[in-house]
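*Asks:* What follows is the residue order along each chain.
Protein chains: 2
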Amino acid sequence: MIKIADIEAALGRIKNTVHRTPVLTNSTVDKLAGRKLFFKAENLQKTGSFKARGALNAVSKLSAEVAAVCCDSSGNHGQALSWAAKSVGKICHVAVPRGAPAVKVSAIENYGGKVHFCEPNDTGREAKRRELVEKFGAEMIHPSQNLDVIAGQGTIGLELADHFEQPLDAIIIPVGGGGLISGIATALRANWPDVKIIAAEPEAVDDCAVSKKAGKLVVTEKSDTVCDGVRTNVGKNTWPLIQKLVDDVITVDDKAVAKAWKMIMERMKTVAEPTGALALAVAFSPAFNDLYPAQKYQRVGVILCGGNLDLSIVPRMLELADS
Amino acid sequence: MIKIADIEAALGRIKNTVHRTPVLTNSTVDKLAGRKLFFKAENLQKTGSFKARGALNAVSKLSAEVAAVCCDSSGNHGQALSWAAKSVGKICHVAVPRGAPAVKVSAIENYGGKVHFCEPNDTGREAKRRELVEKFGAEMIHPSQNLDVIAGQGTIGLELADHFEQPLDAIIIPVGGGGLISGIATALRANWPDVKIIAAEPEAVDDCAVSKKAGKLVVTEKSDTVCDGVRTNVGKNTWPLIQKLVDDVITVDDKAVAKAWKMIMERMKTVAEPTGALALAVAFSPAFNDLYPAQKYQRVGVILCGGNLDLSIVPRMLELADS
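Same order as they appear, the protein sequences are chains R and B.
Taking this note's numbering, the leading residue of the first sequence gets 1, the next gets one more, and so forth.
Taking this note's numbering, the leading residue of the second sequence gets 1, the next gets one more, and so forth.
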C-alpha cells in the first residue's frame, strides 16, 4: 500500500512539469446545489486529465536502462503515458484495439506514443501487451494498479490540503480502477482526518459500490455508459485503500451525468468529458443529499477529472440530459 | 469621445462586482501559431461575456430616480444589462423579437430581466423600444454606442496593461458595434503607445474593414455568419476611436472561425461561443501573418470575448471546421 511519504515524494518529482490546476467555483452552481462546491480542474491538466500526474511519476522513477514503457489504454492513460515518457526521453508503446476512434489514435501519436493495433478483445490486448514487453523491453505501466501511478494521482490531495485553510467537509472523487481515489484519499486522510470521502461511480459499472457493500472485492457485469473513463474494475492494489479510507460509494445514471455535464459546460464554461461530470452528478444526487445534508456538509470538493471531450458526442449528451 | 480617465473611473465603479478575468495560455496553441498568445478570458466573465462590464458601468452611473433601463438585445448585452440592473436594484426591460430561441429568453429572465416580445424586424424593435422608454420611464442603454458602456469595456485594457510587465506586441479584438475595441484601444494606447491594435471581423459583416479602407463610416450589406455576437455595424460614437486607434481590420470566413473555435474547445478546454473564437481565427489568418510576422510580433493578445455557446450548434461548427 502506498503511504503519504510516497505521495509527497511524487509531488517533488512532478511538480515542475505538471500544472498545479486551479480550484474553480461558480456562484450559480452553488445556488443550485445549496452548498459551496470547489472543483479541482484536472481537465486543465497537461494532456487534459489527471492521468499525467501518475504517468509522469511512474516513468520518472524508472532507471535510465529502461528505454521504453507500454500500456494498452487508448484513452487518457495512453495519452498521458506517451506524453510522460517523451518528457523523460523514453519511448511509449501503446496497444490500441483495431477500430478505436481515429481521434484517439492521433492524440497518442501527437504526444509521441507509438501505436500498435491489436484485436479488440481481452485476449488480443493481453497478447499485444506481452509482445510489447518482450520485443521492446518495455516496462508495463498499469493505469490504476501501478503503485507509482497511484502516488502520482495522490498529489491532487496534497494540492487541495495546501489550497484550503480549513478542511473541506466532504470530497467526491470518481472511481474506475481506483488509482485516483485511493491516491487522493491517502493524501487527504493524512491532512484532514475528518473529511468525508465519497466515490462517484456510474450505475452501469457498479463494482466499487457492490464491493463496498459486500466488504470484499467483487467483479460485476458492466453495461454501457457515457463515462468511458471509468469503465473498468477496482483492482487489488486500490481496493484495500478504498475499503479503508472511502466513506461511501454513490452511483448515478447517465442522465444525471449528462445533466451535470451540461451545467459544467453552460455555467462554468469549462470543457469536461462525460466522466469529468460524474462527481458533480453525485453532488446533486438524492443519495448524497440524504447521507450528507447541505446544512452539515457545506463545503464540498469535486474532482473534475478530465476534459478530453469528443465534440461529436455533444448531441447525444444533450439528448440524454433533456430525456 | 471617451478618455482614459473615464475608463479608470469605470474600473473603480465595477471592479468589486465583475471578475478580473484570467489571462490563459496554451503551449500547444502557441506551437501551432509560432508565437506566444495571451487570451483574455471574458468567457469566464459574469454573464459569460465582456458585456457585463459596460452594462454595469452604465447602470451604476444612473441616478437613483431612474428605476428602469431597457435595450433591444436578446443576446449577451440583454443578459448583461438584466444582471447589471438587478445588481444595482433597478429593473431591466428587454425587447425580444418574437421567435427568439427559448434559451435566450430564459437566460434574460434568469438574470432578472423582463422580456417584452416585438415583431422580428427593425420597425418592430424600434417601436417596442420607444414603448419601453415611455411606459416604464426606462433609460435606453445602447449595447455599443453608449459612452459609459464603451468605458466599461475599456476596463479590459487596463487589466491587460496591469497584468504584463512588458507591453504586448499586438492585440486582436473582435469588432461588431465597436464598443469593445474602442474601449480597449483607448485604454491600451494610453499605456502602450506602440502596441498594434487589430480588429477581427467576419467576412460576412465587413462594414468596419470597408469603412477603414474608405476612411469614413460605411454601412455594408450583411450576410449570414456563425459570429452572431458581431452581426451589427460600427456606430457614430465608436467609429472615430476605431479610425484613430486601430491599425488594421482583418476579416476571416466562418470556416476559419470554426477551426479556431474547435482549437479553443479541444486544446484549451475552455468554452467559447463562435464569436469568442473570431480573434484567434485572425491570429492564424494569412493576412495577419503577412502584416505582423511572428518574428517581429511574438507576444500577441487575443480577446476571447464570450462563452455563451448554444451547445446545439456544435455539430454545425464541427462540420464547418472540417469542411
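Read the hints as simulated data drawn from the structure, not as lab findings.
Careful: at least some of the hints might be erroneous.
Listed below are the simulated SDA-like cross-link pairs for lysine to any residue, each with C-alpha atoms no more than 20 Å apart in a straight line [said to hold, decoys possible]: (1) B:LYS259 - R:THR28; (2) R:LYS262 - B:PRO315; (3) R:LYS259 - B:LYS36; (4) B:LYS36 - B:ASN289; (5) R:LYS86 - B:LYS259; (6) B:LYS255 - R:LYS262; (7) R:LYS36 - B:THR17; (8) R:LYS86 - B:SER27; (9) B:LYS86 - R:THR28; (10) B:LYS262 - R:ALA102; (11) B:LYS31 - R:SER312; (12) R:LYS262 - B:SER312; (13) B:LYS262 - R:LYS86; (14) B:LYS86 - B:GLU119; (15) R:LYS262 - B:VAL103; (16) R:LYS262 - B:LYS31.
Reference excerpt, derived from the structure (chain R facing chain B, CB under 8 Å, subset only) [stated by the list, open to error]: (17) ALA204; (18) LEU217; (19) VAL219; (20) ASN233; (21) LYS236; (22) ASN237; (23) PRO240; (24) GLN243; (25) LEU245; (26) MET265; (27) GLY307; (28) VAL314; (29) LEU320.
The C-beta atom is built at its ideal place from N, Cα and C for all residues, glycine as well.
*Asks:* Each of the hints needs a verdict: does it hold here or not?
*Replies:* We went through each hint and held it up to the structure:
1. B:LYS259 - R:THR28: violated, 30 Å
2. R:LYS262 - B:PRO315: Cα-Cα ~16 Å, so holds.
3. R:LYS259 - B:LYS36: violated, 36 Å
4. B:LYS36 - B:ASN289: Holds - the C-alpha atoms of ASN289 of chain B and LYS36 of chain B are around 14 Å apart, at most 20 Å.
5. R:LYS86 - B:LYS259: violated, 28 Å
6. B:LYS255 - R:LYS262: Violated: LYS255 of chain B and LYS262 of chain R sit about 26 Å apart, past 20 Å.
7. R:LYS36 - B:THR17: Roughly 19 Å separates the two Cα atoms, so the pair holds.
8. R:LYS86 - B:SER27: With a Cα-Cα distance of about 16 Å, the restraint between LYS86 of chain R and SER27 of chain B holds, given a limit of 20 Å.
9. B:LYS86 - R:THR28: Distance of about 15 Å is within 20 Å: holds.
10. B:LYS262 - R:ALA102: holds, 17 Å
11. B:LYS31 - R:SER312: Violated, because 25 Å separates the two Cα atoms, which is more than 20 Å.
12. R:LYS262 - B:SER312: Cα-Cα ~11 Å, so holds.
13. B:LYS262 - R:LYS86: Cα-Cα ~26 Å, so violated.
14. B:LYS86 - B:GLU119: violated, 26 Å
15. R:LYS262 - B:VAL103: It holds: about 13 Å lies between the C-alpha atoms, which stays within 20 Å.
16. R:LYS262 - B:LYS31: violated, 31 Å
17. ALA204: violated, 23 Å
18. LEU217: violated, 34 Å
19. VAL219: Given a least distance of 33 Å, the restraint on VAL219 of chain R is violated.
20. ASN233: violated, 28 Å
21. LYS236: It is violated, given that the least Cβ distance between LYS236 of chain R and chain B is near 33 Å, above 8 Å.
22. ASN237: violated, 30 Å
23. PRO240: violated, 34 Å
24. GLN243: violated, 34 Å
25. LEU245: violated, 29 Å
26. MET265: This hint holds: MET265 of chain R lies near chain B, its Cβ roughly 6 Å from the closest one there, short of 8 Å.
27. GLY307: holds, 4 Å
28. VAL314: holds, 4 Å
29. LEU320: violated, 12 Å
Consistency note: the structure conflicts with the earlier hints numbered 1, 3, 5, 6, 11, 13, 14, 16, 17, 18, 19, 20, 21, 22, 23, 24, 25 and 29.
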